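Order-wise, the sequence lines are chains A and B.
The first sequence begins at 1 in the numbering used here and counts up by one.
The second sequence begins at 1 in the numbering used here and counts up by one.
Because the hints were derived from the structure by calculation, they are not lab data.
Incorrect hints may have been included.
Where chains are identical, the list cannot tell them apart; a pair therefore holds if satisfied intra-copy or between any two copies.
Calculated pairs, SDA-like style, for lysine to any residue (alpha carbon to alpha carbon, straight line, at most 25 Å) [said to hold, decoys possible]:
(1) K139 <-> E120
(2) K105 <-> A265
(3) K139 <-> V6
(4) K298 <-> L287
(5) K139 <-> S204
(6) K136 <-> N110
(7) K83 <-> L53
(8) K105 <-> F22
(9) K65 <-> K298
(10) K65 <-> R268
(11) K105 <-> I267
(12) K203 <-> L287
(13) K139 <-> E90
Note that the structure is a prediction, hence the values are computed from the model and not measured.
Chain by chain, the residues run as shown.
Number of protein chains: 2
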Amino acid sequence: MEIDVVCREVGPRDGLQIVGTFFPTEEKIRWIEAEAAAGVRSIQVCSFVSPRLIPQFRDAVEVAKASLAMTGLEPSVLVPNLKGAEIAVELGVRDIGFMASVSEKHSQANLRRSRAEGVEEFRRIVAFRDGLPPEKRFKLASGLSTAFGCSLQGRVSQREVLDLAGAFVEAGTDMLSVADTVGYAEPFEVKALMTEFVRQFGKSADILAHFHDTRGLGLANCFAAYEAGCRSFDGCLAGLGGCPYAPNSTGNVVFEDMVFLFEAAGIRTGIDLDRLVPIREILARNLPGEPLHGAYAKAGPRSMPDRNRISE
Amino acid sequence: MEIDVVCREVGPRDGLQIVGTFFPTEEKIRWIEAEAAAGVRSIQVCSFVSPRLIPQFRDAVEVAKASLAMTGLEPSVLVPNLKGAEIAVELGVRDIGFMASVSEKHSQANLRRSRAEGVEEFRRIVAFRDGLPPEKRFKLASGLSTAFGCSLQGRVSQREVLDLAGAFVEAGTDMLSVADTVGYAEPFEVKALMTEFVRQFGKSADILAHFHDTRGLGLANCFAAYEAGCRSFDGCLAGLGGCPYAPNSTGNVVFEDMVFLFEAAGIRTGIDLDRLVPIREILARNLPGEPLHGAYAKAGPRSMPDRNRISE
């Protein structure tokens, strides 16, 4: 089945990383499996950070292994450094995201290194990738956290974002993940910045939009990014997630609402909404204290066909 | 103070019409007064429908009178027919909205008349307006409910919407209120339809966008409508509201989130968000059972200036 946009689920990673409760390994796997069966092809399943920093990911290897065995799924993992990439490749992962921040302050607080040191580490991962035999080579994405502002630093200029992106492209990235880590983005700026991304880097790398819904603009930002030419989008089922540096943040873009945004307009995601929505149950039973967000799950489908489903 | 967009509060009307609890008259007035003081210039304060149909509006005359006495506020009222318009003019109201639906089924269910009968009634109101002495003449808006689909009829074609709008323009309307009454709209269609509205009718009438956030797309739709050239937008504080024909609907676009959407981007609304948000308290204490929606109120301002407030 052909698709027009990639809607990537990042719940098992971004949705869980600040959740205190440990989400049982077999339930993480059930969640990922159920989404794969609903047509979700791209899921970021875990992060290879130290379990001392984020105990939620102490089962990262097990979750990655199980995900790699699922039919039709391309699991991706997030890594902070070369070490994480080496572990991922050893397991057979072919889609790796590298963590980096545009804000110098956020880079220091979150990753304990400067932006320049981040680019250096990224170059080491590229060299590692390029030295692998072709069948082991992986798709490498570079993160651009706090691309729309930072709760520690305040404003982040578009110039800074584009400069860092340029450094990653020059180093050999396959994808640029433009992230509104703290929920500051608004669609007018999103459209302007993403238009520049597509214009400057669209031929060298895929452009992915990662938004949080902290101030209610997550889906408006997705629409603006789509209009700018972006075709890959992150979200979390039930809008899980948040950022330790954004108090009261209301999580990532609600994944099922984002799928509805596109499907309603006839833009194919490959995902079956009727099968996606009930998966929220897995979250509800494993995260009893956590609020589940999302409008579509409450309202249900429209009593008219989505444009995708019109055969008239 | 100059403004770039009109953000109209419709909470005292659309937000309350399906609420069972009677919102005390003096509290409605306090709410309207507080918003006027926060810089909201345009508020739809009530509906002149029969109190037998909607008991919430049994104090419509009192609320309209009080609102007319407030400095800097242009209160508008909604009317189903000529009778309502006559009452409004008698009180001194200068901004009147006429109720009509694009969906024939919704028109019958909600207004107990056909679309054609609606246009006839509208013509009578225009004749009444044009016969008034100049100082009593009012701004007349025509509603286009269910412009993006109808829970009773299903799909509503753009042709139908534009034809009915054309009839109102020909009859002499000052404003076209394009309403997603049941929360079916998505931004791709919004942009397409609103672009047609601005192109065909933008010189004859103001174009107003009225969205519900039923499936999470309310603010994305506002952004899309703005991009199409629309400059007037409805919302309800705390996302109150809903439609009797849209079960589980989650209300109108959250007014304060909509103000943030524009202000964050430097588009002036004239409204002070810091003064607007605390007004939710008035709703909380008068509607104890009702959920209050909204992301901005929870997350608070960004720790960087909105573009509006940058003097750099």
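Okay, the hints, checked on the actual structure:
1. Taking identical chains as interchangeable, the C-alpha atoms of K139 and E120 lie at most 25 Å apart only when both belong to the same chain, with a minimum of 18 Å there against 64 Å between chains.
2. With identical chains, the CA atoms of K105 and A265 are at most 25 Å apart between copies only, with a shortest distance of 24 Å across copies and 40 Å within one.
3. Taking identical chains as interchangeable, the C-alpha atoms of K139 and V6 lie at most 25 Å apart only when both belong to the same chain, with a minimum of 15 Å there against 47 Å between chains.
4. Taking CA atoms no more than 25 Å apart as the test, K298 paired with L287 passes in both settings, with 18 Å inside one copy and 21 Å between copies.
5. Taking the shortest alpha-carbon separations for K139 and S204, only the intra-copy value of 13 Å comes in at or below 25 Å, while the best inter-copy value is 54 Å.
6. Taking identical chains as interchangeable, the C-alpha atoms of K136 and N110 are never at most 25 Å apart, the minima being 30 Å within one chain and 63 Å between chains.
7. Only within a single protomer do K83 and L53 lie at most 25 Å apart by alpha-carbon distance; the minimum there is 15 Å, versus 69 Å between protomers.
8. For a Cα distance limit of 25 Å, the shortest separation of K105 from F22 qualifies neither inside one copy, at 29 Å, nor across copies, at 51 Å.
9. In the homo-oligomer, the alpha carbons of K65 and K298 never lie at most 25 Å apart, since the shortest distance is 34 Å inside one protomer and 38 Å across protomers.
10. When the C-alpha separation of K65 and R268 is checked against a cutoff of 25 Å, the pair qualifies neither within a copy, at 29 Å, nor between copies, at 52 Å.
11. Taking the shortest Cα distances, K105 and I267 never come within 25 Å of each other, neither inside one copy (38 Å) nor across copies (29 Å).
12. In this assembly of identical chains, the alpha carbons of K203 and L287 never lie at most 25 Å apart, being 41 Å within a copy and 54 Å across copies at closest.
13. Taking the shortest Cα distances, K139 and E90 sit within 25 Å of each other inside one copy (15 Å), while across copies they are farther apart (71 Å).
Checked against the numbered hints given earlier, the structure breaks hints 6, 8, 9, 10, 11 and 12 and satisfies all the rest.
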